[in-house]
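J.: Each chain, letter by letter, is given below.
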Amino acid sequence: MTKRSTGEKIFAIFNTIFLLSLCIVFFLPVWHVAMGSISDPLKVAATSGLYLKPLGKATLGGYKLIMQNSTIIRAYGNTLIYVVAATLLGLVLNILAAYVMSTQDLLFGKPFALFIVFTMIFSGGLVPTFMVVNKLGMLDTRWALIIPGALSAYNIIIMRTSFAQIPKEMLDAAKIDGASEVKILTHIILPVSKSIIAVIVLFYAVQHWNAWFNASLYLQKARNLYPLQLTLREIVLQSTENSIIADADGQDVMIFRPLIKYATIMISTIPMMVLYPFVQKYFVSGVMIGSVKG
Amino acid sequence: MKSSKTTVFVKKPFGERLKLDFKRHWQMYLLALPVVVYFLIFNYAPMVGITMAFEKYQINKGIFGSQLVGLANFKRFFTSPFFWRLLRNTLLISFYGLLFSFPLPIIFALCLNEVRNKGFKKTVQTISYLPYFISVVVVVSILFDFGKANGLITNIATAFGWDGGAVISSAKWFRSLYIGSNLWQHLGYNSIIFISALAAVDPTLYEAARIDGANRWQQTLHVTLPGIAPTIIVLLILRLGQIMGVGYEKIILMYGPSTYETADVIASYVYRVGILDADYSYSTAVNLFNSVVNLIVLCTANFVSRKVNETSIW
Amino acid sequence: MKKRIVSLLLTAVMVTALFAGCGSTSVEESTPTSTAETTESTESSEAVAAEDDGTGIPTSTVYKGETDQQTYPISDEKITLTYWYPNANSMGTLADYNDSEFFQWLEEKTNIHIEFIVPAAGEESQSFNNLFISGELPDIMYTQPKYHMYRDGMDAAINDGYIADIREHLDWAPNYVSWLNSIETAKQDVVTDSGKMYGFWSFWDNMKDGFADQGLSIRKDFLDKVGKEVPTTYDEWEDVLTAFRDELGIEAPFYTSNKGIDHGEFMAGFGIAPRFYQVDGKVKFGPMEDAYKDYLTLLNDWYNKGLLDRDFATRKSTGVAADNDMMLNDKVGSLVDWGTRMTDAYISRGATNPDFWTVAAPQPKKSASDPDPAWREVSNNYRDIQAVCLCVNANSKHLEEAIRWVDAFYAKDVYLNANYGIDSEQDVVWYAAEDGHRIGLYDFRYNNPDGLDSATVAAKYWAKNPPIRCEASQIEQMPAERAVSYVVWSQYEPKNYIPVTVTMTSDENTEYSQYFTDIEAYVQENEVKFINGERSLDEYDAYRDTLKSMGIERCIELQQASLDRYNNR
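First to last, the protein sequences are chains A, B and C.
When the first sequence is numbered by my numbering, its final residue is 696 and no position is left out of the sequence of numbers.
When the second sequence is numbered by my numbering, its final residue is 1226 and no position is left out of the sequence of numbers.
When the third sequence is numbered by my numbering, its final residue is 1334 and no position is left out of the sequence of numbers.
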């Protein structure tokens, strides 16, 4: 362990305090949601402010109500399928695109880059995209949630920036050794890019985990294919009194309604909470691993 | 912008260069093919829909049958009594947002990087990215709770001399509340890319600097920052390229007639028109306008960056 | 002889044509009475003769579908119809509406299987538009024209070939025809300006004078504490509100929201309405009237005196009902509320005050001798029409079966089952009221033996908001204290109301929306500012001038044109 100067030690103390207070600021509202989700629903409706502990008698009623809904279990399954498939597809395409974009002296290098960047700025909009998906026969199928939106120009650019930072000497060394372009990708670039790959996997996974809009657009009949977020959104909407046609006997008897808003957030957040530490361990220096000597 | 041909001085005729390039790089082009096909189908094909901006789109006539009306949709937008206000609000929110929420994740990542205790570091990281998953509906309801007449934020503001009542219904406070809550929600998530970039900096460079006698602060200046500079710059350019992209969902949840003055942005306005009317032509025209502005800003930023820095997107 | 043969032949041709026009063979195989009646209505629709009253709609001797004139099964072979049914909100935990007892019963009866297309909750309008974009309309669509409408309007939807003009097929819809003949005003409301029929409009049964399900509500226990009566004039209101504030320290004596101060109940005493309204056929726009300035002056005065909710500008409700936590913690003295929430609904939500009680208040007047205001919020119940219209795809492969299927809902046998349970479930799910209507059994729904929640029970055992809706009996079963609020609110005749069924042409609509979206935002913004004093009421004329420059007068003209056409139907 290298020794630290006094200045560094003082900084470390302030840093710790700073980060701790940030933690509290970040965590409190999450805690508030967690507490709200197990509180006595009648008190939830009546109390404002941050909940630091469950109000009234703690109850799992909100969760029971959600889990009773068999559509939730199925929706969880659906989302897992979509996240895995779409992330995989996106990752592969992303790597290919970033690799090509980061390579020098390709005749079509610049046009390719512009081709990609352009898609980030201009879009045909909702209606034409819908028509394309429709023409491909993807409506009401799982494909509609896996393929459209799988590849993001933004993520390509980020990955490409990382690839471009790999020392040219490494690439040249490999070329001299006679490695083909594909081999350079698989044996040189990917092994040292664990960090950025982890980030891109996270980005895609989170994007698909949170997605609901495409599902509401493309799944007209196939409700059994709904992803988690769309189902949850419906449950939350159902439990608010927003129905357009006034219900003459719309008495508020679904007692756990106020909890549902909070409970749905908890059940959809926990898997993501678990994902992150797993991805974190790939945040390592790329050059150390697999560095080529000679 | 430079022309897309790689050299100005033509050494060999284009056809020959093409063949050579292909021979050398055929694998590359093969790898690029699926990407190109993907974007062609899902991004470029729909782009023909942009013609809707110049039409009076009618569903039964479709995109190609609807009557062309030239710039009428744009004219309608530009002559709206609220146009300048919308533009101003959009740009201000975007700009102030950039000013505050761009540097802070970087600083956060740097501070985190200095932490020695791995356990503490991991915990802080995980906690920081949790707010991202709280739905925006809940965040806004918390904001309302704290921002109303006797809410926490209002009380604090009043203690400091504010006399305008509930902050959540004050046009003067809107931007701060909007950007502040965005910051809270996205700081952790946005710092991930920087944390990863920091982790990827070559440790031998730190070694070398240390041997040269640099202290931690100097190491930061001379190793760390340059190490993540390309990431920072590219992200900044990308962010600038979304300058017109203030989304409507959160604005709609947060605003009200008393805050329209500073809160109403282009997207929320178009959303309202859309609800009343399902007017695809109009919303396409406005989106096209936004895209063009985004493009101009992006190209400028990229150009400047390339000149100053040699880092650019293309 | 030749003439005779010719005339015989002609008659034969005509008769064959008539029967051919009847459609499927099931008509011919049906029982004598129904054939006779069907033939009758067919004849009249073909002949447009003296049998109708000049509107071209056939007459009917049946009252409100009392006798089912449809023949069952509707289709000999089992067919499937697709049905766009935007009721995700009411599904509870039901996975598919085909799990509903009612729809199962209906399927058996009609021999038609329904494939439900239920769009995601919250995305109904989007989904509706997408139906047209994809070019594949379902056979039947349950639409609320206010939210789900073909962009260019009803006539265009028919003329462009998407929606079937039911007028052409009334012979397949005898039950619906019987309803058209049973409600005096129906014939004017169910047709478009050009006389076509966009779909099957939905009606309220047994709501004799219609009912208002929302209105002014005031805390009775507070009134008792300050020793006052329910106010009927603005002065009395001010009195009561001041007492609430001074003696009881209530934060929001009168609770309002930023969407507009009220839906018209409070301002009607000034002779105005929130947006467009009519006086004797002439369209007016509330904020442009002088009386509106007086109204805002009053509110501004009250705001300054602390009689209005200080935070009203932050309230994001639709203008009805109040924040739960404020209501339950005695911070609200009066508000506009739903009938279903009066009194004990709040207690079951955890009101902390044991004396919590609300009562309905009448629309205030300027002075007790003024005539009653001619306004009532009736968007969902105007002249017995519920704002729902079931449309049929003009290109449906089973056009006739689809129309007949929808028509079935208008027969008493069917709609009784739809409102609140099928025959076999008597005394389990429902019991019979005196007038023959079915009332859902409270315990079955709210303490369900199978542990289902109330929403799922509703979805499973009956149909939500069916084309004929029988709420009145249900309401009559409510605690008397609640039912009385409906009476208080319903006593007004909505003379100044512009009917839901007034429509604009596509061009008019385009022009109108160009102006009105901006005008609406501007009006909302300024109302808030006038009330809380941010903008002085001296500037009201300048405000009106701005509205003029934004095109309000053209908008009034356009509304007037549609109203005129409506009146000429």
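Derived by calculation from the structure, the hints in this document are not laboratory data.
Treat the numbers as computed from the prediction; the structure is a model and nothing was measured.
A hint or two may mislead.
To be clear about the criterion: a stretch of chain C counts as covered by chain B if any three or more of its residues have a C-beta under 8 angstroms from a C-beta of chain B, and this derived list gives those stretches [claimed, not checked]:
| id | region |
| --- | --- |
| 1 | 890–898 |
| 2 | 912–918 |
| 3 | 925–936 |
| 4 | 1053–1061 |
| 5 | 1280–1288 |
Once the Cα atoms are required to be at most 27 angstroms apart in a straight line, the calculated DSS-like pairs of lysine-lysine come out as [to be verified]:
| id | chain 1 | residue 1 | chain 2 | residue 2 |
| --- | --- | --- | --- | --- |
| 6 | A | Lys512 | B | Lys1030 |
| 7 | A | Lys411 | B | Lys1030 |
| 8 | A | Lys411 | B | Lys935 |
All C-beta atoms in this analysis are idealised placements derived from N, C-alpha and C, irrespective of residue type, glycine included.
J.: Determine for every hint whether it applies to the structure shown.
T.: Going through the hints against the structure:
Closer than 8 angstroms: that is the beta-carbon criterion, and the region 890–898 of chain C has 4 residues meeting it against chain B, so the requirement of 3 holds. For the region 912–918 of chain C, the assignment as covered by chain B holds, since 3 residues bring a beta-carbon within under 8 angstroms of that chain's beta-carbons and 3 suffice. Note: the region 925–936 of chain C has 3 residues with beta-carbon separation from chain B under 8 angstroms; the three-residue rule is met and the coverage holds. Only residues whose beta carbon comes within less than 8 angstroms of a beta carbon in chain B count, and the region 1053–1061 of chain C has 0; fewer than three means the coverage is violated.
Here's how the region 1280–1288 of chain C fares: 5 of its residues keep a CB closer than 8 angstroms to some CB of chain B, so the rule of at least three is met and the hint holds. Our distance criterion of 27 angstroms between C-alpha atoms is broken by Lys512 (chain A) and Lys1030 (chain B), whose separation comes to about 42 angstroms. Taking the CA atoms of Lys411 (chain A) and Lys1030 (chain B), the gap is near 17 angstroms; set against the 27 angstroms cutoff, the hint holds. Using a Cα cut-off of 27 angstroms, the hinted pair Lys411 (chain A) and Lys935 (chain B) is violated, with the two alpha carbons roughly 58 angstroms apart.
In this structure, the hints that do not hold are numbers 4, 6, 8, in rising order.
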